[in-house]
Amino acid sequence: DQQVKQNSPSLSVQEGRISILNCDYTNSMFDYFLWYKKYPAEGPTFLISISSIKDKNEDGRFTVFLNKSAKHLSLHIVPSQPGDSAVYFCAASATSGTYKYIFGTGTRLKVLA
Amino acid sequence: DTGVSQDPRHKITKRGQNVTFRCDPISEHNRLYWYRQTLGQGPEFLTYFQNEAQLEKSRLLSDRFSAERPKGSFSTLEIQRTEQGDSAMYLCASSLAGTVVREQYFGPGTRLTVT
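Top to bottom, those sequences are chains Y and Z. Under the working numbering, the first residue of the first sequence carries the number 880, and numbering increases by one thereafter. Under the working numbering, the first residue of the second sequence carries the number 135, and numbering increases by one thereafter.
Worth double-checking, as some hints may not be accurate.
Unchecked claim - One-sided excerpt, in silico: chain Y residues whose CB lies under 7 Å from chain Z:
# : residue
1 : Tyr911
2 : Tyr918
3 : Glu921
4 : Pro923
5 : Asn936
6 : Phe968
7 : Thr984
8 : Gly985
Source of the hints: derived by calculation from the structure; they are not laboratory data. All C-beta atoms, glycine included, are put in the ideal place defined by N, C-alpha and C.
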């Protein structure tokens, strides 16, 4: 039962263009979402978060959008740079005792120079 | 702030052997998590500590797995009688309780290979 889904395993984008990574979730109790970037043989690096009380959060080149009614979030990277090439994971948690995160399976982004 | 550290980074062991991994969280973080990641998957939650108390264990954590956080600082994850299916990246993350932000910060992971 995959509660967090990233349906695109890979994405290629030209340098300078926008990268849009998508994530869908099924559990309506999720109220906090994170995006991580991961390079091979390293742990995930936190990128940006969004709470369910917001529909947008921006940090530099990264913007996350949340559509609660559709149970969908997306990460926009503008402009994309070759150093952004990595696997991106979205993760969701519910307000509970542990605040553990449920992760999607990731999208491999390749930014072409 | 030196971030979350994990030791060792890589471990190769034979089936049936016991292994132990260590995680040192960010110093002021009182929440500590262990996750496991296999190829093509996202990290999967294993267990959670708040200070020294282990408050949740996933059903993924069989009886062969045990975790401790004896003084509320570093944590260890032990796997007894390892099996080939235990081969994975074991990730530790930490966060700060009592704040509205809920980011978790991960260490570099320990890659376990069971032969």
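Legend entry - Supplied contact hint for Pro923/Y, tested at 7 Å Cβ to chain Z: 5 Å, holds
Inset, instruction - May I ask you to test the interface hint for Tyr918/Y with respect to chain Z, counting a Cβ-Cβ separation under 7 Å as satisfied? - result: Violated, because the Cβ-Cβ distance from Tyr918/Y to chain Z comes to roughly 10 Å (cut-off 7 Å).
Inset, instruction - Using 7 Å as the Cβ threshold, decide whether Tyr911/Y counts as touching chain Z. - result: 5 Å, holds
Legend entry - Agreement of hint Asn936/Y with chain Z interface, Cβ distance less than 7 Å: 11 Å, violated
Inset, instruction - Would you check whether Phe968/Y satisfies its interface hint, that is, whether its CB is within less than 7 Å of any CB in chain Z? - result: 5 Å, holds
Inset, instruction - Identify whether the interface hint at Glu921/Y stands, where standing means a beta carbon of chain Z within less than 7 Å of its own. - result: 6 Å, holds
Inset, instruction - With a cut-off of 7 Å on the beta carbons, see whether Gly985/Y makes it to chain Z. - result: Check passed: Cβ of Gly985/Y comes within 6 Å of chain Z, closer than 7 Å.
Legend entry - chain Z contact restraint on Thr984/Y - CB to CB distance below 7 Å: With a closest approach of 5 Å, the Thr984/Y hint holds.
Checked against the numbered hints given earlier, this structure breaks hints 2 and 5; the rest are met.
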